[in-house]
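> Given next are the chains, with one letter for each unit.
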Amino acid sequence: MKQQPEAFHPNSTAALADPVLRSNFRGAMEFLRNKRRTAFAGVNTEEGDFAALSRRGEAIKQRCLQQLPELLEQLEQNCTRNGIQVHWAETSQQANEIIESLIRARNGRKAVKGKSMVTEEIGLNEYLGDRGVDCIESDMGEFIVQLAGETPSHIIMPAIHKDAGQIASLFENNLEDTPYTEDVDQLIGIGRQQLRERFQHADVGITGVNFAVAETGTLCLVENEGNGRMCTTVPPLHIAVTGIEKVVAQLSDVPPLLSLLTRSATGQKITTYFNMISSPRKPGEQDGPEEVHLVLLDNGRSQAFADEELRKTLQCIRCGACMNHCPVYTRIGGHAYGTTYPGPIGKIVSPHLLGLDATKDLPTASSLCGACEEVCPVRIPIPKLLQRLRVESNHAGTAEGIVRGAGSGRKPLEALVWKAWAWACRHPAIYHRGASLAAHGRKLFRFLPSRWKTQRTMPQPAQITLHAALKNRQRRSATPCPQEKIS
Amino acid sequence: MSARENILNRLRNGSASHPAMHRNAAHDACGQISHASNVSITTDRMRQQFIELLRANHAQVMETDDLGLAESVVTCLQELGITQLMGSEEVRFLLGEQGEMPIQWQPWPTKGNDAEKKETLFSRTPAAITTATAGIVETGSLVLIPSATEPRSLSLIPPTHLVIIRERDLYPDLENYIAHSPWGLSMPTNIVLVSGPSKTADIQQTLAYGAHGPSKLVVFLVS
Ligand code: SF4
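Going down the list, the sequences are from chains A and B. Heads up, the first sequence is in the working numbering, so the first residue is 1 and it goes up one at a time. Heads up, the second sequence is in the working numbering, so the first residue is 488 and it goes up one at a time.
Some clues are possibly wrong.
[Stated by the list, open to error] Below, a list of computed lysine to aspartate or glutamate pairs in the EDC-like style, where the Cα atoms sit at most 20 Å apart: (1) A:Lys453 x A:Asp357; (2) A:Lys471 x B:Glu576; (3) A:Lys269 x B:Glu576; (4) B:Lys604 x A:Glu197; (5) B:Lys598 x B:Glu576; (6) A:Lys110 x A:Glu30; (7) B:Lys604 x A:Glu291.
[Unchecked claim] Some but not every residue of chain A turned toward chain B, in silico, with C-beta under 10 Å: (8) Thr13; (9) Leu16; (10) Ala17; (11) Ile136; (12) Asp185; (13) Ile188; (14) Gly217; (15) Arg229; (16) Ile244; (17) Thr266; (18) Gln286; (19) Asp287; (20) Gln303.
Hints in this document: simulated from the structure, not taken from any laboratory. Built from N, CA and C at the ideal position, the CB exists for glycine as well.
Required output: the full structure, derived from the provided sequences and hints.
Rendered as structure tokens:
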């Protein structure tokens, strides 16, 4: 699917003006926030709370990232030993080519996909579709979104922007012999029927990975519906695709991260299924795929990795809590961002995937309120990273400018104004002159052309400059007050 | 150079520019969910919590013992109106003489190719029974380790899934279970934690059961 972060401004304006969209998001976000709050309320840790648990999550992810190259090699080694074939892709294009060639090798034409944001990131459905492989989404939310020709608007609940009525019409108009019904059980039943057929006859199952365990060569998948298990059990070929940051060192790293993930994402202690896959079908076993492949994708992640501060972006376990709590996301929804990953996490990860030139508006779309950092189960300092990306966006060729497309947000006029300001600050006479001029002409400020004014009142400079006010005060205190004389 | 080398080189360069100390897992143990209290939790409390959580997740739980197991299974199937059950020879043996039971025992389809087996599983298998290797009390989860005799599809494709678990196999939490697990570094092909029937809240946050996996999960907790 074409990503269009450049259209962020018009998209968000349109989203704000859509009352149905806004009420769908508002309801959904409140629901998810409450679920999360309840899930953490009963946590019993030695230190007692979410803070302690999230510190542990952060420590695990940071330790694993510190050893990332070694862990990836270890993962490859152990997967290979187990019979899982490992492939490396630097770009989306490479990943798509690898996946297509694996499917071709078995003459596959029908693919079922478990929910996976990374395959959205590489645009796999479209790529395979153009080459004659029919790739159908099997997560209920993703199935709905695919039927509507859209993309997910939330990384955990892809169809959160639609209400039951909209889904009822979608099914009625697009699926054979399907009458209109808003009954959710019936709607899910319809989806189930459609997809069971697909699972049974699929040539390949494609999924993401939540955690890849280096020490054992195990792929872990977290889900509620069972479609992930279907995709990894029924077809003869399973292809798992994952970003390189999903690797953890050992099995014991998984339980705390799993607990943080499910509680943060959907407010569950655990999801219905936690699926650990360590090999293809072994001799004597009756089912399961004959081949399992793992595609490790970079696609800009190693760029984030190269900088100590930006590396924290890779701690993310994709729980979606930051979007559920973001005042911007809850109002404009996921599509306005024009990127696979919306919301706060999208704003800090997309510049690495797509370049800052395409995504320069995203880091600015934040009030830096800090709600995202507060709820992040692995304590990613999102506001700080947003500020860092703003700097990157304005400075090319400096020490900071390491992100692809750095400096692309630089505006010549703005740069000139700052330069002039810096110069004036070094020349007191000019500065005071300018300040008093501004104070005198303060009434004129509201006529200045500025986007600021479209939502807010234009501030006015004070009548007297601070400098002048202080001078007056000094003058007054030089002549002692009459009262003081009496006492 | 290959994609592999390029990626690893970039990462190694990245690591080299920030030579932070390698820490080991012991250093990030802060915030560990406490197990200390579990010592005082009686097995009875553990059993109770396990059952409560499973029920809260819409699983049906039957408490029974070795002698009553077969009868519980039959009663449950009768209530559900199911007359046919797929499972391993071991479980069949465990449940005693099937001749006396009003259920038709359906063995795993050994004949035919994969496509035919799938057809049987998807279209002609109303229910299956498996054993669970362990239970996780903290989350109310069943640990299933499918095998040659209890294939992965048994707990996945038929709309009703019955599970036998023994009380002595309950562990306080997943960390504890992993620490005690016998497989070490060579893991079984597949391990799956099941904590209820398949479900989704993808339509307007309304919970619906039976998304893709079994819509009914019945747990027989054997004391
Ligand atoms: S940044 Fe944090 S809160 Fe947001 S999705 Fe990632 S882990 Fe969750």
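> Starting from the hint list further up, note which numbers the structure goes against and sort them upward.
Structure breaks hints 1, 2, 3, 6, 8, 9, 10, 11.
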